[in-house]
Every structure is written in structure tokens, then in C-alpha cells.
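Trainee: Sequence:
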Amino acid sequence: MDMRGAYGDALLELGKSEPRIVCVGGDTTDSLKTKKFGDMYPERMFNVGIAEANLVSIAAGLAIAGKIAFASTYAAFIPGRCVDQIRNTICYPNLDVKLVVSHSGLTVGPDGASHQQIEDMSTTRAMPNMRVLAPADAVSVKHLIKTIAFTAGPFYVRLPRPASELVYPESAPADQFKIGRGNILVDGSDATIMACGLMIKKAMEAADLLKRDNGLSCRVVDMFSIKPIDVDLVSRCAKETGAIVTAEEHNIIGGLGSAVAEAASENYPAPIKRVGVPDRFGESARDEEIDSLLDKYGLTTKEIARAVLEARSRMQK
272 MDMRGAYGDA LLELGKSEPR IVCVGGDTTD SLKTKKFGDM YPERMFNVGI AEANLVSIAA
332 GLAIAGKIAF ASTYAAFIPG RCVDQIRNTI CYPNLDVKLV VSHSGLTVGP DGASHQQIED
392 MSTTRAMPNM RVLAPADAVS VKHLIKTIAF TAGPFYVRLP RPASELVYPE SAPADQFKIG
452 RGNILVDGSD ATIMACGLMI KKAMEAADLL KRDNGLSCRV VDMFSIKPID VDLVSRCAKE
512 TGAIVTAEEH NIIGGLGSAV AEAASENYPA PIKRVGVPDR FGESARDEEI DSLLDKYGLT
572 TKEIARAVLE ARSRMQK
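Just so we're on the same page, my numbering is the position in the sequence shown counted from 1, plus 271.
Honestly, I wouldn't trust all of these hints.
In silico DMTMM-like cross-links for lysine to aspartate or glutamate, where the CA-CA straight-line distance does not exceed 25 Å [said to hold, decoys possible]:
id, residue 1, residue 2
1, LYS510, GLU537
2, LYS417, GLU537
3, LYS567, GLU581
4, LYS498, ASP479
5, LYS306, GLU284
6, LYS498, ASP558
7, LYS306, ASP382
8, LYS573, ASP558
9, LYS567, ASP382
10, LYS498, ASP550
Honestly, the hints are just simulated from the structure, not real lab data.
Treat the numbers as computed from the prediction; the structure is a model and nothing was measured.
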């Protein structure tokens with residue numbers, strides 16, 4: 272299911288019951304699926320064109336006027352083109368602006384490195400007052416969008432371009448998606464794999480592979496809340512399973528892997544191995560070549576499994 276479609280549906284549903292909801296877009300309303308909100312509530316939809324810094328500033332102004340402002344375009348442009356505006360007009364005054372972006376990571380199709388945003392979580396989670404989320408599927412997107420709409424302050428929500436398999440049942444309760452908490456999807460005792468976004472399914476596949484080939488019982492955690500990170504769960508997993516692997520469609524510097532390593536090192540140090548983009552820019556790939564591109568950059572089931580074995584080899588006997 273399409274996470275962008277889930278965002279559009281959630282926004283439309285919110286608009287029916289909450290007149291303060293407004294949306295600001297940057298000529299990507301079709302792609303971000305916010306057009307359906309604009310068609311229903313044209314007086315609450317502002318398409319400002321290809322002017323992302325202005326987009327963010329307008330959203331900030333709407334928030335000052337008492338609105339709950341959702342601002343959306345591609346991750347390459349927010350935060351890519353407007354870090355100063357996000358920092359100084361949204362985070363510094365702690366305004367009620369929700370930045371919801373798509374086309375994050377390597378899986379954006381043929382647009383190449385300039386549009387493959389692999390450093391956005393690092394940028395946004397370093398900003399005081401900003402919360403950073405990376406949902407795993409359409410079900411979690413719907414619940415999280417509804418949650419952040421009524422949680423004061425700024426949020427950055429990172430969505431991928433491709434549709435994805437469902438991780439959660441459509442009947443999953445809303446209270447399963449709490450800001451600052453992770454969800455254990457598969458329990459295990461020999462190692463923990465913490466992932467976010469599209470890498471969740473690969474993490475679950477890696478756990479199955481390790482169980483089949485190595486007899487290992489791996490815990491899989493959906494760490495959709497990158498900031499605040501679930502420090503208690505990180506510490507618990509380090510203590511109970513002894514080794515942690517992180518998996519993300521993001522540079523291994525500054526994203527989920529860094530957040531988990533920081534939490535573990537300060538509370539319960541354990542061997543950690545990060546799987547992600549290895550601190551280099553991406554490259555262009557047609558849609559049918561995406562799997563080959565992920566393989567080239569090590570964002571695969573087999574690489575996650577290999578990382579688990581390496582992390583376990585460094586455990587103290």
C-alpha cells in the first residue's frame with residue numbers, strides 16, 4: 272500500500288473534524304496525495320509553487336495564526352532547500368508545523384543523487400524541538416499523522432516513494448504508535464534488529480533467514496520514532512539480546528543507527544552494527560533497477576543478516 276496515499280487519506284479525514292488543519296504544498300500536491308485535501312477544502316490548501324523556503328515560512332505564519340499547518344513536498348527539498356527556515360521560523364519558536372515529505376532515501380527512481388535524500392534525518396533530528404518519524408507502512412502512517420496533528424510543536428515525517436507491504440494489520444490500535452516508543456514486531460533473544468521505513472520488511476526477512484540458516488532467534492523492532500528515540504527499549508534490547516543491528520534507508524551517519532548507538536552507549540553498551548547508505552551519494556536507477564541499487568549499497572536482507580553475525584561475534588563471552 273502507498274504511504275503517500277495513506278497520508279492524503281489521513282489529512283482528508285482530519286480536515287472533516289478539525290477546521291484548523293491547513294496544508295501547504297510546492298507543486299507536488301498530486302505526488303504527495305494532498306490534492307484530495309485541496310479539492311475538498313480549497314480555502315485551506317495553499318500551493319506556493321517551487322519555492323520551498325517560502326513554503327516553510329508560510330506554514331510557520333499559518334501556525335502563528337492558530338492553524339495546524341502541514342507542509343509537504345519531496346525530502347530533497349524539505350529539508351534540503353530550507354534548513355534555515357525550518358530552524359529559525361519553525362523550531363526556534365516551537366511552532367505547530369508538521370513537515371511530511373516523500374521520496375526519501377535511494378528509492379526515488381531515475382532522478383539520481385540530487386534527489387536521493389539520505390541525510391534528512393541527521394539534519395532534522397539535530398534541531399531542538401523537532402521530532403522525527405519514519406513510518407514502516409500505510410497503517411502506521413495513518414495513525415501517526417492523526418497523532419501529530421494534535422501533538423503541539425514541529426514534526427518531520429519521512430515517507431518513501433514506493434508502495435510497501437503492510438507490516439501492521441489494518442485493525443492495529445492507535446495506541447500502538449506512540450511518539451518516543453518502538454514496537455517489537457518479532458521477539459527473540461540472540462540479537463536485535465532495529466529498523467525503520469522500508470527496511471522493516473527486510474529486517475523481518477533477515478530474522479527468518481538467520482533462524483533458518485543459523486538457528487538464531489532475532490528480535491525485530493520497528494523504531495519509527497527516530498527522535499525522541501525509545502531509550503528504555505534500546506537499553507532493554509542491549510541487555511536482553513547482547514547485540515544490536517540497525518537498518519535504514521539513510522546515511523549511516525546521523526540517522527537511526529546513530530540515535531541507537533548514542534542511547535546504548537550512555538545506558539547499556541553493546542556491540543552495534545549499522546546497515547544503511549555507507550556515507551556516499553546515491554546514483555540514478557530506473558524503477559526496475561531499484562533492487563539492484565539497494566543491493567549495491569548494502570541495503571539488503573543478506574547484509575542485515577551478515578551484520579547480525581558480525582555484531583554477535585563481538586559480544587563478550
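Trainee: What hint numbers does the structure not satisfy?
Mentor: 2, 4, 6
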